[in-house]
Amino acid sequence: MTDMTKPVVAPPGSIVSGDLMQLLYRLSAALLICIILALLNDSFLSLGNILNVLRQTSLLFFIASGLTLVVLTAGLDLSVGANVALSACLAGTVIQHTGSPLLGVLTGLLAGGIVGLLNGVMVTALRIPSFIATYGMLWVLNGLTYWYMAGETIHGFPPGFRQIGSGYLFGLPIPVYLLLIFLAIGTAFAQRTIWGQEIYAVGANPVAARLSGIPVARRLLLVYGVSGTMAGLASIIFLARLNSAEADIGESLTLPAIAAVLIGGTSLFGGVGTVFGTFIGALILTLVLNGMNLLSVNANWQPFITGVIVIVAVWLDMTTRRHKL
Amino acid sequence: MRESAAASPLRRIPGVAVMLALLVGIFGTIAPGFLSLANISNVLLQSTILTLLALPMTLIIMTEGLDLSMGAVVTLTSLMVAIVSLATGSMLLGLAAAIVVGIGFGMLNGWLVAIAGIPPFVATLGTLGMAQGLCLIVSDGQSVVGIPRAVRDIYSATLAGLPVPVVVALIAYAVFHVLLYHTRFGTYIFALGGNREALRYAGLSPAKWLIGAYMIGGLMAGIAGLFMTARMNAGHPTAGLGLEFDAIAAVAVGGTSFERGNGWLFGTVLGVIAVGVLRNGLNLLALPSSLQVASVGFLVIVALFLDGLRSRS
Amino acid sequence: MKPNKGLICIALPLVLSATFAATARADGETVAVFTKNQTNPFFQTVRVGADLAAKTLNAKTLHYIPTKPDSIPEQLSQVEDVVVKKPDAVVFTPVDYKAMVPGVEKINDAKIPTVNITDRSAGGKFIAFVGADDYNLGLDTGRYLFKALGGKGSVVIIEGVKGSLTSVDRVRGFNDAIKENPGVKLLASQPGNYQRLQALQVMENLMQSNSQIDGVLAANDAMAVGAIEALDGANRKAQVIGINGTKEAVDAVKSGKLLATGDYNGFAQGCIGTMIAIRTLRNQPVVTEIVLKPTIITKDNYQPFDVALDARTCPTWDEAAKFATK
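Residue numbers (the numbering used here), protein chains in the order written: chain D, 1 to 325; chain V, 1001 to 1313; chain G, 2001 to 2326.
In case anyone wonders, no lab produced these hints; they're calculated from the structure.
Everything hinted at is true.
Below are the DMTMM-like pairs computed for lysine to aspartate or glutamate, each with C-alpha atoms no more than 25 Å apart in a straight line:
1. Lys-2125/G x Asp-2109/G
2. Lys-2162/G x Asp-1140/V
3. Lys-2125/G x Asp-1153/V
4. Lys-2111/G x Asp-1153/V
One chain only, chain D, in its complex shape:
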């Protein structure tokens, strides 16, 4: 989606400093929400609630982080939710048949990655716009998952494996450690490696990127592959947390992941955004949901409020960016 009216993008080298202000704005927004919620409800700052929020943020972040790389290239991956479901079902089967959680984890990652690469192939070699390619993939994956599961569920995994999703280590939920690890890896990759810089360049101006020698197709394959693999990782965590695999776990996962990426400041036009921003976006989204639950806001209002937050967050982001430039 190239647009003549998008704001001028700073050259890759200065992305870190340019985005730092935006990240700080977002962090303050998240902090503000926390303060408001703490004032409004006693249980918000309880240890149990904070840990819950962190764990739920992790689950959202795993999917959204891979998605961030795709969006950085001005693409989209609508199939992530369905990918999580299929990978979870396959991984679950392997764990049950072999009794080995390790094999299950590898299966999940592999399945997710292969789906991601297929998306990448459609976008690069077959030249199908990412919106449609991943939308079609969503349906294909769902069909496969429905056929494979045949209306049943896989349940009951070894307790050791389940620790990945529901266990604690030194008082913190294990998914939070994974969150921190992947946050670090993701940020380092995007900001500090050549591949990362090239991905930003591809998103900012694909033609110029190609002309300057960047292997655009290979980078695109990379981002879609990563997005798929992260979906595979998320599927393992879901498997462990829910202690079951079902065909429909993916349905409600995609749009929140996209929302987290957008709230986090990554632009759909490509070239702008950070993995850390996505983390904050996921955090904000989770805080809002958590707040609505704690305040017993009628469930009917939740989609409405979430929709408003998405708009306001992006609007604020754009306004502050414009004033900067």
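Go by the hints and put chains V and G onto chain D.
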């Protein structure tokens, strides 16, 4: 630029037409009852609501935009029809309420995109949530039933031998065709997609026309809401969710590009019918539902792939 | 446990050809079976029951499931397509018991005999209704829970899909059971949409605002298990009951994690609904309503329910007719 954009899909046989012909040929041969009059009119009738949404979606996509809120808005307008006609006893008042709500959301979308400058994906993702929430709020999660008979009858009534919804879809198509290819508004729509700078240099503000495009989307959602309620004889808080993706897919399958600002209205209609034919044929063959789900995905991917091939050669 | 797909790929063609050879007889009626979605295991049990009943009676089933789960417009389209195809009979679960009425009327207009199962449709003509008594299932499982709690304690309710008849009736049963026990306090009643993940998150949130929860009444087993996972994750304990009687719930009852589950026998409903449809086509006597007796599966009586789906058999007609209420 505009003439070639309008004429180019016709210089080559479009992927969607090939696919539709293939599907009709295959199902006509192996699916019993597919070519019967009753079935064909079913498929056309089943496609009308989506057509009413896909037509304005074509315009919006041509402006390099998207309207993700359409499914939620049509669900909301369908609830408006149900609630207002139940309260007042009048189908027309229900329709009026639906159109007002639809246009209201269209204005909101247009304003967010054109004035506030928020990317259409984000803006309409936000209004999707708002509309979805309103659906739950006004209905408290329950179906709304007991609506006047007149609403239901409009779905099965006929005009000159054709079902009323089909007639409305045909009229809508004619209007959109004229709008897009024979009015200044249409020229601006093409320009908004392919060459927005030209509009600015000409001293025209893109904002007005952008908002107009989204408002038309809202209007059509209002009308589609009437037929949706008529079909179910009820308003339901989740009935139309997800239709926007079907509409976007139909537009893309039909040959309108997301990026180059060329659009093919008839292609959109073919796209809607192609998906309808696929589902109908698979139902007649009673193939497993999982296969149906996967087929929809394959159809969309193959159609776009063929189109990509064509535009490269 | 997942059946071995590889084995099925080899065995299926053989079985199919054997079946084709065997069913070249006078019967062979087609029954179109409509269920709500492909993902809820409950409807899989319905479909398996329907298939088994048809096979035993030398008839065929065709399944119609919306590609978008619980989609009203899609089920309406499938009804219209089915009318063109003209099966001999229809066994129908409406995705929404009110909004699908026009669809049922279309089938009626086509003069195809139809049996309503699971969710009682708000309109249309049916040969019969086969279902379970959601209200009494809710009431009885609620009563069982409160007996186990000694008639007092704080509880939460996790509802199903808002507006769905099964959820409305079951929750009503829960609430009436609470009214019978004045020592029981209802802390909250939140929807979990019959989904495991949602129920888990609802439970996690409820545990934050309520430090003491003694019992959880979940409107279906998936949500009950989700609540149990949330409790486990927080190292808290509560007595949980669910409804459906799925294999997973029976396993949980066996292991003591789930206190009880109400038997919402989808398998039997599929069986009996299909049997009624076929018997009507063959002019055999039928009844117009069968409501299965509410049964609570507990640690003491789970054995007969602990049977794998493929090993189950349909009730005979006489056994089924005993539950006739009309």
